[in-house]
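Peer 1: The primary structure of each chain is shown beneath.
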Amino acid sequence: MTVAQSATKAIDAVEERPARHGLVRYAAAKAGGALLSIAMVIVATFFLFRLLPGDPVRALAQGRNMTPEQLDLERRRLGLDRSLPEQFVHFVNQTVQFDLGTSYEYKRPVLDLIGERIGSTLLLTGTALVMAVSLGIWQGARAGWKPGSRFDRFSTAISLVLWSVPTFWLGLLLLMVFAAGIGPIPGLFPTRGIESVDAPDGFAYVLDVAKHMVLPCLTMVAVVYAQYLLVMRSSVLDEVGQDYVTTARAKGLRDDEIRRKHAVPNALLPTVTLVFMRIGFIVGGAVTVEAIFSWPGLGQLFYEAIRVPDFTLMQGTFLLITVSVILMNTLADVVYHVLDPRVRSA
Amino acid sequence: MLEANNLAVEFAGRGRRARAVDGVNLSVGAGEIVALVGESGCGKTTLARTLLGLERPTSGEVRYDGSALSHRGRALKAYRRQVQLILQDPMGSLNPRQTVYEAVAEGPRIHGLPDEEQVVAEALSRAGLRPPERFFLRYPHELSGGQRQRVVIAGALALNPKVLIADEPVASLDASVRGEILALLLRLRNELGLSALVVTHDLGLAWNIADRVAVMYLGRIVESGPVEQILTAPQHPYTQALLSVLPESPDRIVLTGEPPDPTRIPTGCRFHPRCQLLASGKAAAAGIDTACHSEPLPILSSAADPQTACHLTLVDS
Chain A
1 MTVAQSATKA IDAVEERPAR HGLVRYAAAK AGGALLSIAM VIVATFFLFR LLPGDPVRAL
61 AQGRNMTPEQ LDLERRRLGL DRSLPEQFVH FVNQTVQFDL GTSYEYKRPV LDLIGERIGS
121 TLLLTGTALV MAVSLGIWQG ARAGWKPGSR FDRFSTAISL VLWSVPTFWL GLLLLMVFAA
181 GIGPIPGLFP TRGIESVDAP DGFAYVLDVA KHMVLPCLTM VAVVYAQYLL VMRSSVLDEV
241 GQDYVTTARA KGLRDDEIRR KHAVPNALLP TVTLVFMRIG FIVGGAVTVE AIFSWPGLGQ
301 LFYEAIRVPD FTLMQGTFLL ITVSVILMNT LADVVYHVLD PRVRSA
Chain B
1 MLEANNLAVE FAGRGRRARA VDGVNLSVGA GEIVALVGES GCGKTTLART LLGLERPTSG
61 EVRYDGSALS HRGRALKAYR RQVQLILQDP MGSLNPRQTV YEAVAEGPRI HGLPDEEQVV
121 AEALSRAGLR PPERFFLRYP HELSGGQRQR VVIAGALALN PKVLIADEPV ASLDASVRGE
181 ILALLLRLRN ELGLSALVVT HDLGLAWNIA DRVAVMYLGR IVESGPVEQI LTAPQHPYTQ
241 ALLSVLPESP DRIVLTGEPP DPTRIPTGCR FHPRCQLLAS GKAAAAGIDT ACHSEPLPIL
301 SSAADPQTAC HLTLVDS
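As you go down the protein sequences, you meet chains A and B in turn.
Under the working numbering, the first residue of the first sequence carries the number 1, and numbering increases by one thereafter.
Under the working numbering, the first residue of the second sequence carries the number 1, and numbering increases by one thereafter.
The set of hints was computed from the structure by calculation and includes no laboratory data.
Small disclaimer: the values here were computed from a predicted structure and weren't measured.
We treat Cβ as the ideally placed atom computed from N, Cα and C, and that holds for glycine.
Where hints are given, some of them may not hold.
[Unchecked claim] Facing chain B, from chain A, some residues (calculated, C-beta under 8 Å): (1) Gln242; (2) Asp243; (3) Tyr244; (4) Thr246; (5) Ala248; (6) Ala250; (7) Lys251; (8) Gly252; (9) Leu253; (10) His262; (11) Pro341; (12) Arg342.
Could you put together the complete structure from these sequences and hints?
Peer 2: Spelled out as structure tokens, the structure:
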């Protein structure tokens, strides 16, 4: 092998390496950042909820005749008699061992309670997210491709109106019209819960759940899809004026081909980030929507825990929600890195 | 080969109609390189876009190989194979998420050319990117400015066109790279018999590469002819002014007056508000100053011999 040949080989090797190593290093750095955030969240979670007014022992004892001695005993059982720093050390110790403690109210492990509820929350918010993202991206891409067109003005205006509507108001309105029924409109959909009391089996059960999902899902989609529409619209708008769109047209691509092959994939990048950030919020569900439609999910669990206040249950659900947001943000960064060759080498 | 006949393009905007191209005859013969020069806003880019079928003319027609350009889908697509575009900014004209291979292969793919990989490799090496395989998987941001512009040129060459329309092809490149890209265009003309219309505001560039030059002012061609003749002995006062600001020129003619506005084209000779010959009284001495103000000039033909749209030269000849 000549010197020149080996030199080119060496150059090739140097040129190839950074791409793969870069990704690993980048992901590791992001993961480190995420761990740091989670540690801070653990600290914040503990102290945040201690600021809430109300005494959990008193709240739990409501309606029952208990002597002050019995209350003290209960307080000791929950570990609330110890000093705040002691409680904190205990909490951190537990949490790093993936033990979220026992709920004051339910007297069962918080992890079990979360496990029971997480399925229905994921079902509702996951479906709503997929629908909102598809609707927003589709309309946003069309609106941004022909800005100022009738479709653009119409779809953007509607999405913004819905975005401005308060969730609880829209939810209650839908409940009134489509579940209770108004005038000639019969009550089409169930008012509450995830399944009927006399739920049938098999495919009929799936239909039953789907029927229960219609209104809560509709509410969630209507209120949030505007953000996907607007992000998609403005990023498509950015691509429309690019020279490569002109070049593609001059090569003979049809308008819809240019939109499909060039503008939309490039415009998707910012939307992908947004979607991943939103995936994190799926776990948190929508406290409002779950409360309105009595959806037995995590949001409702959290809502109930605040009323007590059930410290361990609140800490557990809150931690789960925040950690999933942090993890998804981190994943979004890494995915973006993989999708966009420009970020990859930077 | 490629011809514009009495071409006019109007844009409606804010109540006024802007006549970006206002009656142009221009032809590019086989194997000929024509430079279209003029200041920014004179309509040269609009003219180029219309020749490519990206803009519909308000009146007049584009002719290619003797037949008028149709804006119907299939005919237009067939036309695209013959006439290709090169833009100023190579970074912008390449999709940042496409590899070099994808960018060059796009044209052949939608036109259904066989042996895609071979076509791409050939186009890249013709554009001076050798060995082509080394560039296949590169992204635009990994290349230098000159390499990027070569990729853009390769993308055009992959369709095996007869005419290239280049809009300021080297304006965004470093001076050292500029020469290489120009040499490439000249080589392509010699090897493949390509014709080219090079749109530029740079007279030096026109001198270096063009056979013929057409000077555009406010939507119309005011002077055209063989490059040596136009650039050494310009007849039109506007061309004279353009040439006078080159570094080697002895005395400078600085144009006064407002920059031209295509929504308000002056009566008579469209250059008269800024004409240095009219201002210095030369036109009045020849007794044509009223004509400059009020008499419109005929539109220049697309003939190859030198011609000028100026009342003064009409009187002289």
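Peer 1: So, proline 341 (chain A) near chain B? Judge it on the closest CB pair being under 8 Å.
Peer 2: holds, 4 Å
Peer 1: Is the shortest C-beta separation between tyrosine 244 (chain A) and chain B less than 8 Å?
Peer 2: Status holds, d = 5 Å.
Peer 1: A closest beta-carbon separation below 8 Å is what the hint needs, so does alanine 250 (chain A) meet it against chain B?
Peer 2: holds, 4 Å
Peer 1: Regarding the hint that leucine 253 (chain A) lies at the interface with chain B, is the smallest CB-CB distance below 8 Å?
Peer 2: holds, 6 Å
Peer 1: Would the hint on glutamine 242 (chain A) be counted as holding, given a Cβ-Cβ threshold of 8 Å to chain B?
Peer 2: Given a least distance of 6 Å, the restraint on glutamine 242 (chain A) holds.
Peer 1: So, lysine 251 (chain A) near chain B? Judge it on the closest CB pair being under 8 Å.
Peer 2: holds, 4 Å
Peer 1: Are aspartate 243 (chain A) and chain B close enough, Cβ to Cβ, to be under 8 Å, as the hint says?
Peer 2: holds, 4 Å
Peer 1: May I ask you to test the interface hint for threonine 246 (chain A) with respect to chain B, counting a Cβ-Cβ separation under 8 Å as satisfied?
Peer 2: The hint holds - threonine 246 (chain A) has a Cβ within 8 Å of chain B, the shortest such distance being about 7 Å.
Peer 1: For the hint on arginine 342 (chain A), does the least C-beta distance to chain B fall short of 8 Å?
Peer 2: holds, 5 Å
Peer 1: Does the interface hint hold: is glycine 252 (chain A) within less than 8 Å of chain B, judged Cβ to Cβ?
Peer 2: holds, 4 Å
Peer 1: The hint names histidine 262 (chain A) as touching chain B; please verify it with the least Cβ-Cβ distance against 8 Å.
Peer 2: With a minimum Cβ separation of about 5 Å from chain B (threshold 8 Å), the hint on histidine 262 (chain A) holds.
Peer 1: Answer holds if the nearest beta-carbon of chain B is closer than 8 Å to that of alanine 248 (chain A); otherwise answer violated.
Peer 2: holds, 7 Å
Of the numbered hints stated above, none is contradicted by the structure.
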